[in-house]
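Visitor: With chain A held as given, fit chain B onto it using these hints.
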Amino acid sequence: MSESRGAAHVEHHREGFIRHYIFSLDHKMIGRQFLFAGLFMLVIGGLLAMMVRWQLGFPGTPLPLTGLVPDEFWENQNWLPSMRAGVVSSEVYNMLFTMHATIMIFFVVMPIMVGGFGNFLIPISIGANDMAFPVLNMLSFWTAVPAVILMILSFFVPGGAAGGGWTSYAPLSAVSKYAQTGGEWGVHLWCISLFILGFSSLMGSINYITTLINMRAPGMTWFRLPLVIWSLFIVAVLLLLALPVLTSALAMLLFDRMFGTHFFIPEGGGEPLLWQHLFWFFGHPEVYILVLPAMGITSEILPVFVRKPIFGYRAMVFSMIAIAFLSWVVWGHHMFQSGMNPALGTAFMLTTMFIAVPSAIKTFNWLGTLWGGKITFPSPMLFSLGFVSLFTIGGLSGIFMASTPVDIFIHDTYYIVAHIHYVVAGIIFGVFAGLYFWFPKIFGRMMNERLGKIHFWLTFLFFNLTFFPMHFLGVGGHMRRIYNPMDYKFLEPFYGMNTFITVAALCLGASQIFFVINFIWSLFAGPRATENPWRANTLEWDAPSPPPHGNFLTPPVVYRGPYEFSSPEVEEDWLPQSRRLEITAGGGGH
Amino acid sequence: MLNMLRWLPDGYGGVSSYAGDIDAVFRFIYWLTFAIFWLVTILMVVFLYRYHYREGDTRRATYTHGNTALELIWTIIPAIVFVGIWFVSKTTWADIKGQSPPPDVEVRITAKQFGWTFAYPGPDRLFDTTDDKTDKELNVPVNKVVRVHLRSDDVIHSFFVPSFRLKQDAVPGREIQVWFKATKPGRYELPCAELCGPGHSGMVGWVNVYSEAEYQKWIQKLWQPS
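Respectively, the protein sequence lines represent chains A and B. Under my numbering, the residue at position 156 of the first sequence is numbered 156, and the numbers go up by one with no gaps. For my numbering, add 1000 to where a residue sits in the second sequence, where the first one is 1.
So here's chain A without its partners, still in its complex pose:
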């Protein structure tokens, strides 16, 4: 198996259209497939969020443009229960936020970060010509496709899609009649789709781990790996261990729903809290599966535009490893008010406080990287800095809910919504940073800088205007997942703020048009990219843009770490990993 590493694998045999674009075995094409699938789902997930906000900002008002739909349309639809004249009903509302979260987490961030960047970057950044198991890699994508199709189809079954929240707490999710959405197939399909997706992730993670252990280029030691590759390696290990837990729990839930078992239903001796334990035992590592690649991308981009080595490379690696270990022992902090023994709450609070330490270390090391640099601000850099600043807020707001007494009050309020969006929606800044940065390598063309800057500033502004006021709602006790804030008298002071947030959210959505235009235009008409437009050091920038099947014209050899910027050894301010210096050549050894 390892013969491929050293062998020059550069012959360009022509492939048919189907082998090249559809059932491709090339890690780069599979990465692009995941990327496009994720971006497509991002549009759907974003539109769902807009509809959620519309109802909260303007309760009972018909959705925009629904006036164009004839009235008879609403009469004859059994898949959208009681949604008369374009007004969101409470059942549809529950469906909207459930599917928004499900799609954003499982069908946007995971496919783009892990499937897209993971596939594209892992082999090429370690100097390999492809993944260890190209066929398994192809299967990983084509297993995700039916999952996507089933999840989208679930909107159109009688009763509509799942409406029990992305967390799907039992027994609400386990017994069809409790959700009362006029049909049980929404949740069935939700379970089946995520069940299938679990296998796709499993195939991907096995492939990533094997590739990283066996196929690194000569000289590419573990501590010369780019940090984004480290983050993806750790994510692959977490996926391998966490996804089967979710997959099993989903099978149990589906059995409860379809075959009369009682894993989570108390009438038959089941335990509703078991679902929460299983879900969050998967769910907390999942949060880090989502955020670690964004941290890796940021750590990759900052040094390039600061022209300086990353500050504390080993501290960065060890803090990611610490996060990975600790992520297994903090799940109970989602369950402080669930009826779990309060003494366990105290213990989980302590582990949660510990997991904040590596996040703090990373933030300070990013600051250290900025110090003494020679900083420029192209779009990838702006989005990376945006991620750091949003992650700072999201990390700090997490401390409030980690503290059990404060959590008694803010649990299940908009404080949590603000926190998860600063962290998880903040990851989108990592996604954009990565896209602007690697677009020249992935597609061989440059993106437009001016549009990129406009996109960043509008997104950053409206992101904060949308999500920061949610902290105030949370402090006021505003519950999450409520359909109409006007049902509550104590929320009266917040009616105006809800409208404000909705307007900001609509602007946030509209700002993404600049990205869409830039992306599509650059794809076809952007200026041709050179091999290394950012003067970066890592191996992918040695390959042509875009790299051919097999990646490298000559197999690279690695002589040093990935962030040797402004090194005194050379006159230029960058020193690629693969560049052989006569002085070091005599040293041998490494």
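In short, the hints are calculated from the structure, not lab data. Take the hints with a grain of salt, since some may be wrong.
[To be verified] Partial list, computed: chain A residues near chain B (C-beta under 8 Å):
#1 165
#2 345
#3 363
#4 566
[As the list claims (entries may be wrong)] Straight-line Cα separation of at most 20 Å, PhoX-like style, residue types lysine-lysine; simulated pairs:
#5 1112/B x 1136/B
#6 1217/B x 1184/B
#7 1112/B x 177/A
#8 489/A x 1136/B
#9 489/A x 1221/B
#10 1090/B x 1144/B
#11 1112/B x 1217/B
#12 1136/B x 1217/B
#13 1133/B x 1112/B
[What the hints assert, rightly or not] Derived, one-sided and incomplete: chain B residues facing chain A with beta-carbon distance under 8 Å:
#14 1042
#15 1089
#16 1096
#17 1115
#18 1173
Glycine included, every Cβ here is placed at the ideal spot set by N, Cα and C.
Guide: Just chain B now, kept in the frame of chain A:
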């Protein structure tokens, strides 16, 4: 605008015996994170301004891979701060969710899609006896310890009284006890805080906190022979 804690329901300190303790921890963490946020943000802005590339800039970036002393400082200090927050929090937590003080009044609250029922044990102070009465609202005396026996008939709901800073999930198949001591007479909202189905929004109950005299009047009315 600086102090967002002014948005707290019924103001800072709330209207239960422990609301003030929760708000104090809340305030402590608020000002602490406020300071850390500005420290990080100001350093970031200063570095970005001080070290940004200007036209004709010929200097070279500082070549350094890090500093072990700094790494230790920003590992150890956050660790101490976070464990400190744990220490401050755990006592308040144990006071509220641990063993409740001896109750003056007991009530069994049952959640069901989409409302609350309140059962009172009556003069014999025992549940499931003939003198039990139920009511549509939660009626309690001021400054007395109320022990709540929380149940659910169908799905998970959450008992939430924002003004008391009290929240506890009601889980079908088990009975969970919580307690509170209201400190100000009045009428307070009791929303369900856990998604429980299509009628979740609008699942609201009311807590009436009575002065001792009013409370006796309510008891007379409920248990008068009819």
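Visitor: Of the hints stated earlier, which fail here?
Guide: 9, 10, 11, 14 and 17
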